[in-house]
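J.: Take the given structure of chain P and dock chain S to it, following the hints.
There are 2 protein chains.
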Amino acid sequence: MLRLSIVAIVAALAVTSAGADELRDQAAAIFKPVPSTIPATKDNVITKDKIELGKALFFDPRLSASGVFSCNSCHNLATGGDDNLETSIGHGWQKGPRNAPTVLNSVFNEAQFWDGRAEDLKAQAKGPVQAGVEMANTPGQVETTLKSMPQYVEWFQAAFPKDKSPVTFDNMAKAIEAFEATLLTPAPFDKYLNGDDAALSAEQKKGLALFIDKGCAGCHGGINVGGQGYYPFGVVEKPGAEVLPANDKGRFAVTKTADDQYVFRAAPLRNVALTAPYFHSGKVWDLHQAVAIMGSSQLGTELKPDEINSIVAFLNSLTGEVPRIEYPVLPAETAKTPRPTEEVIKK
Amino acid sequence: MLRLSIVAIVAALAVTSAGADELRDQAAAIFKPVPSTIPATKDNVITKDKIELGKALFFDPRLSASGVFSCNSCHNLATGGDDNLETSIGHGWQKGPRNAPTVLNSVFNEAQFWDGRAEDLKAQAKGPVQAGVEMANTPGQVETTLKSMPQYVEWFQAAFPKDKSPVTFDNMAKAIEAFEATLLTPAPFDKYLNGDDAALSAEQKKGLALFIDKGCAGCHGGINVGGQGYYPFGVVEKPGAEVLPANDKGRFAVTKTADDQYVFRAAPLRNVALTAPYFHSGKVWDLHQAVAIMGSSQLGTELKPDEINSIVAFLNSLTGEVPRIEYPVLPAETAKTPRPTEEVIKK
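Chains as they are written, first to last, in my numbering: chain P, 1 to 347; chain S, 1 to 347.
With the rest of the complex left out, here is chain P:
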């Protein structure tokens, strides 16, 4: 009797262990942990000088026409790399058209913006600086601003030592990309993928299994648990117009292909617990509700409350550690620095 019990216990342990290994093997085939080193970026060698310059630029409100907004205003490193607003508020108190995505780990996205219209972070960085509803500036004005401060000229020279005239809008974008490539946030889920079974709770593992079995991982895979591939929002059932406004046709604006109507890049889910509100419209504040909507609209599944809870528990394991960043001291303006203007120029 005793012997039989021991056999049963051993068998049960073996199953649990096999189950644990199996889940991690499954996960390892779909996801990837954040690497321990800064990834390489295309056509942009990352150096310490470039990262430091990029950090200064990222935090510098003088990249905006008004002198009010920096990259960090909408991609705030203190609050999950975004601004926790439905859609961002920019120049002249105008509201942007879509929810600001997190800058954290964004280097791992296949392309940038909700519709993937920028192929990488250096292309992305030029967008908001020029957008009339965001920073409302021009490349020429940005270059004049940066050239007016000798300290910036020195920093650009150090970051781009081969360039004869290093202070350019393109190099601004490259430096910002270099800094952003350092914004990696290793999380409990990475510990788990790297072999530490204790890094996830039983509930989180249940959530992970559901995330795979229900089909979420079909679109949300890779390092960023998303950020790869384009999918129609409402592939099975369109969500209401409140969540999916009719006037924003997503990737259609980029490709002009009928099939791309209401198509968006799968949202990267790292730090998703910190980046409410959700979806490109920013209309959903509760992560449970967001998961439920994804179930019905993308998978045709009415997820049960306890399934949703488990999936949210798993998603919480994607909340990572933000790198320590010393707040920069920026170069002082000079008489040549263009003055800020709060004026809104209607086009």
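Hints were generated in silico from the structure; no laboratory data involved.
One should not assume that every hint holds.
The list makes no distinction among identical chains, and a pair is therefore deemed to hold if it is satisfied within one copy or across any two copies.
[Claimed, not checked] Straight line, CA to CA, 25 Å or less: simulated PhoX-like cross-link-like pairs of lysine-lysine:
id : residue 1 : residue 2
1  : K48       : K162
2  : K32       : K147
3  : K336      : K304
4  : K256      : K147
5  : K206      : K126
6  : K162      : K147
7  : K42       : K206
8  : K214      : K304
9  : K214      : K336
10 : K238      : K336
11 : K162      : K256
12 : K336      : K126
13 : K147      : K164
14 : K249      : K162
Values in this document were obtained by computation on a predicted structure and should not be read as measured data.
T.: Just chain S now, with coordinates in the frame of chain P:
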């Protein structure tokens, strides 16, 4: 002959040395160096926990109704502790009435705001949070916001261990004051006051002597080279309405005393080279011009260009080293956190 030369050289050295000592003695009687330790604040014991909480609050945009503005938006530690705007832009893109003063070393001011209406930094901190044109929030809403995030509740408990309900608007202000009291920027002028004659150039010493001899130091003395005492702007000759707008009567609004019309607190001049534009109206961008205006309006003196250059050189010696600050990672919102609103409520 040789002997005579040596005597002459020794005599010359003695004169130079006596001159140098004399200037420093004069300066030491008027100014004081930034201390090497954080100053005590009235009714607010400064602890490490309080400083850390205060830092988080200082950088938290959720103290504003819109979720867009933090204390750091207008008192940006990256740009001299102010925003480099004529007057700040706040809620609903409204412009504030006066130029934002630097938060750096502000703990040494006799009182806060251009008109001294707040007796200290904890009283000051409550103003912008509630001002309709700035953060447009209410004490109750701020408390609800902070109480909704368990991490903040813990931080308040650690910072105010004797309080039963530590998450209050008053304690928010005290924590911010504690953080701000750490924002000291020792500068070359402090080295000089502390005995290092080589810390100032010959031109800067000339400027310091002029600053004393011409009478600038009559109002701009103490640790902050200003920030003490109230004086009419235009004591000798009123500057133009562009610089001194008729509708802003300064301290008169606080005291309702006729003598206080167009009276302002003497501006603290530490880091003045970083805090253009100048005066309460923020209408003067060039420090040389600001010095010239002060000469004519306050001293009845038409300063010569080379005198102005020397005084500006001296003022540059007040640019100090900002303490290293790690950018905070703030608590995440919860379902109970009030949602941001960009709506402007006209009263």
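J.: Checking an output row: K32 and K147, CA cutoff 25 Å. Within, between, both or neither?
T.: neither (41 Å within a copy, 37 Å between copies)
J.: Could you figure out if K249 and K162 sit no more than 25 Å apart (CA to CA) within one copy, between two copies, both or neither?
T.: Classified as neither: same-chain Cα gap 43 Å, cross-chain 56 Å, threshold 25 Å.
J.: Within, between, both or neither: how does the pair K147, K164 come out at a Cα-Cα threshold of 25 Å?
T.: Classified as within; 13 Å inside a copy, 54 Å across copies.
J.: Check K48 against K162 for me: Cα-Cα at most 25 Å, and say if that holds within a copy, between copies, both or neither.
T.: within (15 Å within a copy, 46 Å between copies)
J.: At most 25 Å between C-alpha atoms: does K162 with K147 qualify within a copy, between copies, both, or neither?
T.: For K162 and K147, the Cα distance is within 25 Å only inside one copy (17 Å; across copies 53 Å).
J.: My question is about K206 and K126: at a cut-off of 25 Å on alpha-carbon distance, are they close within one copy, between copies, both, or neither?
T.: The answer is neither: 42 Å in one copy and 47 Å across copies each exceed 25 Å.
J.: Please work out whether the CA atoms of K162 and K256 approach to 25 Å or closer within one copy, between two copies, in both situations, or in neither?
T.: neither (40 Å within a copy, 63 Å between copies)
J.: With identical chains treated as interchangeable, where does the CA-CA distance between K336 and K126 reach 25 Å or less: within a copy, between copies, both, or neither?
T.: Within one copy only: 23 Å inside a chain, 36 Å across chains, cut-off 25 Å.
J.: Is it within a copy, between copies, both, or neither that the alpha carbon of K214 lies no farther than 25 Å from that of K304?
T.: Within one copy, since 12 Å is at most 25 Å while 80 Å is not.
J.: For the identical chains here, do K42 and K206 meet the 25 Å Cα criterion within one copy, between copies, both, or neither?
T.: neither (38 Å within a copy, 54 Å between copies)
J.: Pop the pair K256 and K147 into one bin, within, between, both or neither, using alpha-carbon distances up to 25 Å.
T.: The answer is neither: 39 Å in one copy and 47 Å across copies each exceed 25 Å.
J.: When Cα atoms must be at most 25 Å apart, do K214 and K336 count as within-copy, between-copy, both, or neither?
T.: neither (59 Å within a copy, 30 Å between copies)
Checked against the numbered hints given earlier, this structure breaks hints 2, 4, 5, 7, 9, 10, 11, 14; the rest are met.
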